[in-house]
Structure formats: structure tokens, C-alpha cells
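So you can see what is in the structure, the chains are spelled out below.
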Amino acid sequence: MSRRISRRRAALGFVALTGTLAAGCGGPGSDSSEPSETGTGAALAGAPTCGDEPITMNAYFETGFPMPTALTDEFTAQFPNVTWEIREDQFAVITQNAPRVLADDPPDLMRLPQVSELVKDGLLKNLDGYAEAFGWDQWPASQLEQLRLGDGGRPRGEGSLYAMGLNFSMTGVFYNKTLAEQIGMTAPPASLAEFDDLLARAQQAGVTPIVQFNGGATGGFAFPLQNLMAAYGEPGPINDWIFQKDGATIDTPSNLEAVQHLDEWIKAGYFDPDANAMDYATMMSKFIAGGGLFMFNGDWESGNLDQQLPGEVGFFLFPSAEEGGALATMSAPLTFGIGTNSANADCAAFFLDWVATNPEARTVAVEVGGSHPMGLPDAPMPEVQEGTVTAETLAAGAQIAEDNGAMDFIANATGAIYAQSWTPQLQRLFAGEQTPEELLRTVQSDYESQVGS
Amino acid sequence: MARPILDPAVEAAGSPPATVPNGWTVRRTRRRARQTAGWLFAAPALAAYTIFVLWPMGLTVQYSLYQWNGIGASTWVGLDNYRRVFTDPELFDTILHAFELILYFCVVPVVLGLAIANTIRRIATTRLALVARTVIFIPQVIPLVAAGITWSWLLASDGLVNQVLSAVGLGGVTRAWLGDFGTALPAVGVIGAWVLLGLCTLLLLAGMSKIDPALYEAARIDSAGPLREFFSITVPSVRQEIGVCVTVTVIAALASFDIIYISTQGGPGNSTMVPGLEIYRQAFFNREVGVASALAVVLMVLVLACVLPIQRLTRETS
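These protein sequence lines map, in sequence, to chains A and B.
In terms of UniProt numbering, the first sequence has 116 at position 116, counting the first letter as 1, and numbering is strictly consecutive.
In terms of UniProt numbering, the second sequence has 265 at position 265, counting the first letter as 1, and numbering is strictly consecutive.
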């Protein structure tokens, strides 16, 4: 007695349903409201504050990095009317959710991934008005350069300010002091040739010269590669490429020398043989366990290393090709932004200024974050114990500022360049399946198709 | 039954009405009522199915025809995204990898599972059978994330696998199995085979326990050996179970995501990239919702194209 729904009817129903969807509703996303006013482009009457009324700030931070929360605790201690509602996620989760979160439920303050696309979609508040009101435009230009974008998100490096840093971090080479002593390394290398010599000596002594992650979706060989690029060339053109300036290319003769040099290290067996199967966490535990002499990494690990291996770890900036040459390295603000439609934008801006100017906040930035605070060069700096990695990375930061050697990270050129290009290409290079020439050519062609789209 | 009939349709569905005005009308009313009731019973499930399966599926098809970053305005591109799936080696290779994984996720567990289940069946009453069954099913119980991490340690260059190889004099072949271009996909396949073997064995064992022992007895009287028994009685009897195993494992291979995501994330150099992971990456990291949707639709069609014939084959035997 029961009537069967014939297959044909079911199929027809499905086709009809999809047809209605495809034809009837128009394109997806077309109804999203375009924000008309994306921020404080016009000058403000006075510097904003958090007021005296009770206010709850909605924040979205990165898991595993205690500094932002430590800062909000200190802030509430100084301004009791402000309480914080903080949500945390891993950086990969923030990266993939940032556009949706900022569009649907914008936090007042949010840890941000690469910002070009977010600005292009009008999701971030233009901070120019705040910058003027608080005097951020008086800071060394290089600090905020990476957070400035042209209209529509391109190019980066100039234009309006769309994000701020809580501090700025920097990369270089960490070394294990015990192993260094073992191979007779008394001082950090002054030139690339000296560094090569140390690598060879470590290998002869049976010590893994470099423990570096290159597995999964994040190819950590981009760290030594970019340091080599800066050793052979100038940071300027590399920044232009990262900032998507017209006509910029990564496929240059000096960059080729850098990739070839990296290839020589690979062929000589200077890297941990597991590199292509090693993720960041594994690298850290290997290095902390004394599994290698050098590790290319950033000063965000300074505090951690000071705690895990007190007095055991040193840090130096990667040397130039010639002794005495100018030094350059990757240095980037720990990027935070305010959503276009955030409810408490003024208070968030006040917080960002407080982080850079308040002495207690700057102490937190250094002691908990391990990196250099933002702000004017003569702003107060906390005392740091001699002989710690933190002290060495802070000193290195001053050196980079002097040499004007800050570069953004080549992995930040586009949203997809790291996972889609650098990582697979560097993994191929390590496996001996890619030539340096072809590596740069491929990355450049991927870059062009990504920037063009 | 004394109360008046208020609604003939409702009443008809329950018990026969007291009066019969016209046989044809009653039958029709009754049938319609039954249909209505049937639809009502099915409605919650249908609604859930429409909202959570058909609707998203339709949306995916719609998105696949646009270039869209998930937030801003979208542009109609017709079948361009599909063209990219089949012409961009980066995308198309993922499909080839998925087919390669069928060997490890499907063929190995089903063949090994048959052999193991048959062995366990023959010793079914012993305590060893219980132990063997438990050991083989354990991978299904362990959370996949933990299993993935354990395997990445086992397969590391100083991991247990290489230690064993070195100990037996095979030091020459040791390597970082998950980090080597030639071995990463097979290594991931081995993890998958390990996970799915337990499921297949258990399913096949259940099927074998239903076989009438008299069949084996008869075969033995006809002086059939164990191999003959296996191929003439056991395998044909568990054809349906084999069908289920093959279906489940082929889907697991083609739509694989978790094992790859935990162990290699598609690396090194995309050598273990599969459609599931590529879809996720295109949609959430590259914000190419259109391309991701097109690949998803292609994947769905592929899975159906592989699974439906298997279903039909096993259904015909019943």
C-alpha cells in the first residue's frame, strides 16, 4: 500500500532544489553590507579614553601566548571600570576564521593574521585618526610600516594604518651554549663564512648543526632562507616584494645566491635529517633537549628559553656576507586590530596606546612577551637581567633599528604564499627534488597569480 | 466507537468507519490518510535531511560556480572552477593521491582482514581468539589524533621503525618515513590500513559466525582442504560483509582528511595532499570558496561513482 517515491522524482527534486539555489538567490555574499565609513579617517577632537562607566571589552587572542592576557590584567588593575571577555584560539584557527569573525561579531581587539585581505574586504578600522590623536605617527616609521595599506589592501607598507602591534618581534639564530663550547665557538660569527665554518665544525664533532622544522604546512626553512637573502642582498627589495609593490620580484640574482647557499647546507647535511617531518613544537623540544647547535627562530621564544634552559642559550643576528656589513632580519609587530564595527573601538585604541607608553605595560611586554615594546625610542625600558636570551634579543633589536634592517617575513607576502608555495618548494629543495633556480621561478609565478586574482 | 465521526480522514486511518457509503471513496480516503500520516512521520527526518544535507549540498554546487572569498561580493564564473580542478596539477594530483590511498585503506585491510578473521574463526572457542580480536580492534578505539602522533614518532628517523630496521641489519633503508617524498604517501597509507584493519576484521568475523557449520562439515566429508573451504564457503558467504567493508574503506580513502592532517598536513611538497585537505585549505586559508566547492562536488561525484557499483554488486547476490 505504501507509495514509493520514485528515484527519478527524487533526482528531479534534487536538481530542482539546486537549480533554485543557483539561479534564484544570486551570488553568495552579494548581500553583505559594505561598510561606508571604515574608521577614523578624520582627525579626532581629542585622544579617546575608556571613560569612567563600566565597560566590557570583547577580545580574541592567540592560545599559548600569555602576554596579551597579562596586559589586560594590568590594564584592569589600573582602570577598574574596564573588564575583559577574552576568547582564545590557535593561530591557524584565527587565520581561517578572521574574516567571518570580523564580519559577523567583530571583537573590540583581535589578534590578526596577514591583513591585506581583511582591509580589502573593509573589515578593519582605519586607525589614522587614533594615530594622530595619540601621536603614533611620531614613532619610528619602520615600526608601523607593515601595518599600513593602500586603498583596497594593496600595496602594503604605505598608506593608512589598519592595525597595531603589542610589541615587535624579531628573528635570528639561537644557539646552545654547551654545544657551542664543545666545538670551540667563543663568539657569535661575524660573517657568513664564519657561520659556515661553525656548521662544518659542529658536523665533524657529531653535533647536529641546525635543528629546523620544515614539515607539515609551515616550511621553517623560510627563516634561514630569508636571513641568507638579507646576507646577500638588501632588505628593501625583499620588503617591496612582500608589500606587493608593482613589478617586485623574488627571483633576483642575490636571492638565487641565497637559495643556492641554503641548498649547499642541505647537501652538506647540516640540517636535522627529520626536517621535512618536523613541526615547530618538535623543533622546540629537540632544541631544548640539546638536539642541535643552532635554531632559526624568533624572540617570542626568549622568555620560554630563559625559563627552560636558564643561561644555556645564546642569540645572535644572522651575519652579513661580508664582515662588518649591515645586518637585517625579519621583524614584525605582534599584530592586533579593531574591527570596523567594533562596539568599543575608542577604548581599544586607548589600550593599544597604553601598551606602548605605560611603563608597567612595557615591562609586561618585555618580561612576558620577550620582545621589544612599541613606541618612541626613548620610552622607558625595564631592567633585564644580564646573560639572559631576552637581554640579547633586546640588544639585537636595537642593532636592527640602527641598521634599518627590519624586513617583514617572506611568508606574509600573500595569504596563501606560505602554505601553497614556500612550504612545498622548500620541502622539495630539502628532498633534493627542486633546484634553486626553479624554486624562485615557481614562487614568483605563484605570487603573480595570487596577487593578480 | 459511539462518538460521531468528526474527520473521516483521521478516523479512517485508525479503525474502519461504522458506515460504508461507497467502497471506492473509503479506500481512496484511507490511502490518502495513510500517505499523510506517513509523510508526517517522515517529516522530522526529512526536514533534518533537507536542512543539514541537501541544503548545504545545493549551496556547495551554487558556490562552485562563483569566484568568492567568503565575505565580499562574488563573481559568476560558470564552470571555470571545475576546469581548474581538472587542469591545475596541484588540485588534480590530490585526486590521484586519493586513488592511491585506496590500495592502503581498502585492499590491504579487506584482504588481511579476511585472512585474520578466517584464522580467528577456526580458533573461535579459545581464549587466544578473544585476545586477537581485542588487539586488532584497538586502533578503532584509540582517538585518531593520538594514533597519528604515535605513528609520527614511530616513523621518525630515530623512531622505533628505524631502530628495528637497523637492528636487523636494514640500516640502509632507514629514513624519515613521513618526510620523504617517496615514502610519505605509503607511510600515511600504512597508518590508515592499521586503523581500518580492525573494523574490517570485526565485520567479516561477524559475517563468518553466521555461516552454517554443516557446510564446513559437508566440505570436509568431501575432503576439501582449508584453502578450498575458504574460497568456496567462507568468501562467498561473507560477500555482503565484504561489500560493506569495501564501501566504507573506499569512502575513507577518497574522503580522507584526519590521518593526513595529523601526520603530514599534505607535505612534504604536497606529496600527500588529498582532496579533503585541499578543500579545507582552499576554503579557509586561500579563501577560494568557489574552487573548494568545485573540488568538493567532484569528490562527491567520484565517491558516488566508486561506491554505487559496489553497492549494486553486493545487492544482486542477496
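No lab work stands behind these hints: they were computed from the structure.
By construction, the Cβ of each residue, glycine as well, lies at the ideal position given by its N, Cα and C atoms.
Please note that the accuracy of each hint is not assured.
[Said to hold, decoys possible] Here chain A is said to cover these stretches of chain B; the calculated rule only asks that three of the stretch's residues, wherever they fall, bring their Cβ under 8 angstroms from a Cβ of chain A:
| id | stretch |
| --- | --- |
| 1 | 188-194 |
| 2 | 281-291 |
[As the list claims (entries may be wrong)] Here are the simulated distance ranges between beta carbons:
| id | chain 1 | residue 1 | chain 2 | residue 2 | range |
| --- | --- | --- | --- | --- | --- |
| 3 | A | SER445 | B | ALA43 | 53 to 61 angstroms |
| 4 | A | ASP197 | B | VAL131 | 56 to 64 angstroms |
| 5 | B | VAL145 | A | ASN81 | 38 to 46 angstroms |
[Said to hold, decoys possible] Residues from chain A that face chain B, not an exhaustive set, calculated with beta carbons under 8 angstroms:
| id | residue |
| --- | --- |
| 6 | ALA47 |
| 7 | GLY51 |
| 8 | ALA431 |
Verification of the hints:
1. 188-194: violated (count 0)
2. 281-291: Result for this restraint: holds, n = 6.
3. A:SER445 - B:ALA43: 53 to 61 angstroms: holds (54 angstroms)
4. A:ASP197 - B:VAL131: 56 to 64 angstroms: Between A:ASP197 and B:VAL131, where Cβ atoms are some 58 angstroms apart, the hint holds.
5. B:VAL145 - A:ASN81: 38 to 46 angstroms: Given a distance of about 43 angstroms, which is inside 38 to 46 angstroms, the answer is holds.
6. ALA47: violated (32 angstroms)
7. GLY51: Violated: closest Cβ of chain B sits about 32 angstroms from A:GLY51, beyond 8 angstroms.
8. ALA431: holds (5 angstroms)
In this structure, the earlier hints numbered 1, 6, 7 are contradicted, and the remaining ones agree with it.
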